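Q: Residue numbers (the numbering used here), protein chains in the order written: chain A, 41 to 288; chain B, 367 to 682; chain C, 179 to 487.
None of these hints come from the bench; they were simulated from the model. A quick note: this is a predicted structure, and the numbers were derived from the prediction, not measured. Heads up, a few of these hints could be off.
Stated by the list, open to error - In silico negatives: residues of chain B with every beta carbon more than 12 Å from chain A:
(1) 444
(2) 545
(3) 570
To be verified - The following label-pair restraints were derived from C-beta to C-beta distances:
(4) A:185 to B:515: 45 to 53 Å
(5) A:185 to C:355: 20 to 28 Å
(6) A:156 to C:260: 27 to 35 Å
Glycine included, each C-beta is placed from N, C-alpha and C at the ideal position.
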Amino acid sequence: MNTLEIQRLNKSFGALNVSQDISFSVAHDECHALIGPNGAGKTTLIHQISGVLRADSGDILLDGKNITHASVSQRVQAGLGRTFQITSILPSFSVLENTAIAAQAKSGSSMRFWRDAALETDLNETAQATLERVGLADRADSLAADLSHGELRLLELAIALAAKPKFLLLDEPMAGLGRTESAALVTLLSNLRGSLPMLLVEHDMNAIFQLADKVSVLVDGAIVASGTPDEVRADPIARSAYLGQGAA
Amino acid sequence: MTDRSLILSGVLFALLLAAPVLLPLIGESYLLGLIIKAMLLAIAAISLDLLIGHGGMVSLGHAAFVGIGAYTAAIGLENGVENILVLLAMTLAMTGLVALVTGILALRTSGVYFLMITLAFGQMIYFTLTSLAAYGGDDGLTLWSLATLFGSDVVQSGSGLYFVVLGTLFVTWLGIYRISRSRFGRVLRAARDNPERAEVMGYPITRYRLIAYLIAAMIAGVSGLLLVQHAEFVSPALAAWQRSGDLIVVVVLGGLGTRNGAILGAFFIVIVEEVLGAIIHEWRLIYGPLLVLMVLFAKGGLSDLLDFKSSRGTAP
Amino acid sequence: MSLSLFLILCLNGLQYGVLLFLIAAGLTLVFGVMGFINLAHGVQYMVGAYLAFAYVQLTGSFMLAVFLSLGTALVFGLLLEYLVFRHLYGRSHLDQVLATFGIIIFLNELAKVLFGPATLTIAPPDFLSGSIQLTETLRYPVYRFATIVAGLAVALGLFFIVSYTRIGMLIRAGATTPEMVSALGVNIQRLFMIVFGVGAMLAGFAGVIAAPIFAIEPGMGDNILIVAFVVIIIGGIGSIGGAFVAALLVGLIDTLGRSLATTALSVVFDASFANQVGPALASMLIYILMATILVVRPKGLLPAKGVAP
């Protein structure tokens with residue numbers, strides 16, 4: 041069963057076709073990587089999946105439900121989790137509260153005006169458990185603005201996980217991380233692999249070959265090759281289009 | 367979790383509660399009128415702080431809702447509606463309605479554009495009030511009869527009115543404080559911090575902002591209603607953009623998004639005005655530069671200045 | 179309504195628009211280039227008017243007073259920049275609103291102390307007094323013509339500077355990508371100061387030429403400031419061309435609206451209703467226009483484009 045299905049997605053800005061007939065799907069136990077040179081249209085595709093941009097035509101199905109016309113927040117409510125390429129957190133919130141408010145979105149109405157949200161134990165427990173999962177538990181009480189870059193990347197992931205998503209969209213999770221931090225994050229993600237379907241957009245080829253079950257190569261808005269990591273590595277089109285020039 | 371700001375709140379409200387008993391004893395009953403004035407200012411400022419401090423929405427048209435509240439009450443009174451509870455319902459309905467319409471449009475913008483569009487709506491409301499020829503037009507209207515509570519004049523003047531205003535202040539203060547700590551307030555703060563993130567956390571933030579805008583407008587309206595009871599006079603000047611500026615001054619001086627900031631700011635302004643005014647007639651010559659200096663040198667507002675903000679700061 | 183009355187209204191609208199442009203030009207640049215909300219820009223207009231009054235009293239010559247006022251307004255603007263504004267560039271809009279609000283309060287009161295609360299007037303210079311016969315039935319004051327011409331000349335000059343000079347290029351670049359300008363090694367502090375000083379001088383100039391037409395009084399800058407904000411939002415923040423178009427538009431709509439709204443309403447409604455609502459509606463027109471622009475075209479009519487496409 042496929043958790044995410046992208047069907048014949050098209051998007052253009054004027055004469056520029058940034059998405060051309062893109063179709064692919066991610067099975068419920070799969071990690072699907074999306075690679076491609078800069079300007080290939082990866083970011084636009086992510087924006088269409090997360091709802092920041094609307095596709096001109098085509099459909100996006102999440103867990104069998106058509107979310108093509110849903111708003112950003114509705115997609116999250118439907119089970120889409122995402123991380124940002126450029127860290128996006130709530131700087132004046134504590135690490136715990138960043139995670140708790142993400143959990144809050146999936147735990148009943150937030151139109152509650154009286155009770156102290158910081159004292160809601162179930163939210164705090166979910167948040168704490170998520171922080172433990174990503175290895176940030178000891179920083180729970182720190183102000184998010186005080187975290188190091190590596191810690192922020194983990195918080196980014198914790199925020200996405202705390203909402204208990206059905207599907208995870210990872211936009212360059214390794215961006216700006218050093219070698220050891222990257223390795224730790226790869227281990228973390230490989231633990232999630234199998235239980236949580238993921239679409240991974242990443243430049244780090246090592247990470248991709250360790251994590252991905254399937255790789256699609258996006259060039260000039262179209263998918264030019266798709267297959268297992270080994271197949272893609274051997275594919276001449278993919279090599280010339282991307283691996284040859286971008287792997288350096 | 368008992369921090370010093372809660373103690374300060376306790377002291378403030380205890381003093382306000384005791385004032386009607388203590389002040390006449392030392393022969394200073396005129397001060398009560400001054401305190402009512404400060405409390406009314408504080409009520410409107412607390413509501414604005416929900417927008418600015420917690421929601422990050424800087425409105426330069428908030429005084430318009432004070433004006434709408436005051437005029438709704440005045441027009442009701444002129445037409446024979448006397449019960450303050452009926453007037454209250456009318457005020458809430460009227461400010462809520464106007465806030466709903468203007469809020470839906472204004473919240474399509476953010477940041478400095480929000481400031482400008484709220485200014486535009488404020489000016490429209492101001493000019494609407496000046497056009498009410500039957501109710502005084504530009505000059506405003508003196509009211510010869512005031513609201514009653516089921517026929518009783520207890521809410522018209524003296525300590526009765528004082529305690530009504532104090533009670534309203536307390537309810538407003540407590541309500542906004544609870545809201546700021548609630549799930550709703552947390553989402554509102556998240557939308558202030560990082561709207562994109564809040565949206566991607568699954569919150570349709572415009573809806574939350576609109577509700578905050580409605581709440582703030584209705585509270586401002588209530589302060590307008592009580593202002594009529596106190597001043598026995600309404601004029602479009604209540605809704606002028608300079609009054610909205612005054613409210614921002616109160617909120618920022620007191621300390622944005624702090625527990626007691628708006629109350630401290632309101633009393634500070636009223637006291638400064640009174641004290642400076644007593645020393646020199648042209649007190650604005652001192653007040654203006656004082657504002658500039660406060661901005662340049664006391665960033666966190668009075669709450670911070672008094673180091674009552676929280677127990678987290680470095681103890682002396 | 180006769181055609182000649184309509185023409186007079188259009189000329190008055192044009193004249194008001196030109197005045198608004200002089201004020202809005204500085205405001206929009208300061209806002210666009212520095213991201214600075216300067217509520218005190220309106221008091222520069224007031225300062226200009228009072229300076230003109232004082233110098234006319236002192237020298238007895240209107241033209242001399244104009245030049246002295248311009249110089250003083252420039253120095254005054256630079257002084258304010260040095261004392262207050264430059265410390266606020268990096269601060270939140272809220273802080274800027276608050277501090278410049280404080281300056282308004284101070285200067286309005288100072289004007290009251292120095293010149294009294296009553297309104298003052300000055301006469302236009304002799305060679306600009308009187309009126310011209312435009313058509314058989316239409317006469318128009320020379321002085322008002324002169325202000326239109328002077329305002330348009332300044333607008334043209336400003337347009338040339340912003341479009342074709344190096345400093346204009348920097349200003350346009352600064353309005354859209356301030357990081358780039360400082361990356362080019364330009365002394366951004368000095369650029370800000372120049373923009374600020376010139377903006378203050380232009381607002382002061384507006385005050386000077388308005389002095390013989392409108393009443394000089396404390397607080398006279400407050401309302402025109404708000405209208406100037408309306409202009410720069412409609413035109414697009416940071417855009418000189420936008421400010422010009424929007425200023426003329428606002429000037430015409432406001433002037434025509436005030437004269438025609440009541441008449442227009444009385445076509446549909448009864449006279450007493452029209453008399454009551456007309457003036458308020460007329461005052462509201464420009465705010466309705468601004469709110470509409472903000473909702474449907476938030477970047478304004480002619481958004482600032484900068485140098486790079």
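Q: Looking back at the hints listed earlier, which ones does the structure fail to meet?
A: Failing hints, ascending: 2, 3, 6.
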